[in-house]
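Undergrad: Sequential numbering from 2 applies to the sequence shown in this note's numbering.
Hints are computed from structural coordinates only; laboratory data are not their basis. Mixed in with the good hints, there may be bad ones.
[As the list claims (entries may be wrong)] Label pairs and their computed distance ranges (CB to CB): (1) Ala100 / Ala162: 36 to 46 Å; (2) Asp63 / Ala141: 15 to 25 Å; (3) Thr126 / Ala35: 16 to 26 Å; (4) Thr197 / Ala103: 39 to 49 Å.
[To be verified] Straight-line alpha carbon distances no greater than 25 Å define the calculated DMTMM-like cross-link-like pairs of lysine to aspartate or glutamate that follow: (5) Lys40 / Glu191; (6) Lys40 / Glu163; (7) Lys24 / Asp138.
Glycine included, every Cβ here is placed at the ideal spot set by N, Cα and C.
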Amino acid sequence: MVGRIRADFYDRQRLPMEVDFSKQTRHTIDALLATARDKGGNAVGAVGQHLVGAMLEVRHPDLEIENQGYTTADQQTGRAGDFMVNDTAIHVTISPTEALLAKCQANIEQGFRPMILTLEDRIGTARSLADNIGIEDRVAVRGVEEYVAGNIDDVARYSEAETRRVLRQLFDTYNERVGEAEPDPSLLVEIPENLTQA
2 MVGRIRADFY DRQRLPMEVD FSKQTRHTID ALLATARDKG GNAVGAVGQH
52 LVGAMLEVRH PDLEIENQGY TTADQQTGRA GDFMVNDTAI HVTISPTEAL
102 LAKCQANIEQ GFRPMILTLE DRIGTARSLA DNIGIEDRVA VRGVEEYVAG
152 NIDDVARYSE AETRRVLRQL FDTYNERVGE AEPDPSLLVE IPENLTQA
């Protein structure tokens with residue numbers, strides 16, 4: 002019975018988050034990813050991927066940004082990466098592996114520019130793996146946290162009022178994308194009250 006209550010209620014709760022405008026935008030993204038990591042399972046990977054997808058959609062409204070479930074393998078769909086933006090194949094991962102770098106090498110051979118977005122503390126691993134196969138100068142490696150936060154700040158033109166609007170747009174877009182692609186409603190974010198007036 003306890004397991005059933007957990008499955009029906011707690012596991013379906015949205016990810017809580019808070020936005021403190023006295024802190025840098027990066028703090029909001031860090032906190033959301035930390036909450037997803039605490040949830041366990043694939044949550045942090047799924048949240049990271051859908052945050053990047055939502056950010057790309059907000060940043061590039063003129064482009065169609067593909068939306069696939071987190072567990073959908075690139076090979077199943079014929080994708081060069083999690084997202085294709087013009088000639089750049091973007092790979093979002095929480096654990097860079099040799100297999101991922103082999104995909105990046107294949108991207109290069111196909112004429113694409115690979116980019117790896119991973120957790121900040123895994124950047125060194127991704128760069129070392131790229132170095133091992135001699136493509137370190139052909140693969141961009143960035144932290145998901147800084148990538149998303151930096152794009153929010155750029156789109157908002159470093160204005161607090163605009164940051165409020167962009168964050169609301171980002172999380173609305175994120176929730177729409179998760180709702181379309183994922184069967185697990187607990188990956189949705191609970192938009193905080195200080196963004197509901199945005």
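Undergrad: Now tell me if each hint is right for this structure.
TA: Hint check results:
no.	hint	in the structure
1	Ala100 / Ala162: 36 to 46 Å	44 Å, holds
2	Asp63 / Ala141: 15 to 25 Å	22 Å, holds
3	Thr126 / Ala35: 16 to 26 Å	19 Å, holds
4	Thr197 / Ala103: 39 to 49 Å	44 Å, holds
5	Lys40 / Glu191	14 Å, holds
6	Lys40 / Glu163	30 Å, violated
7	Lys24 / Asp138	34 Å, violated
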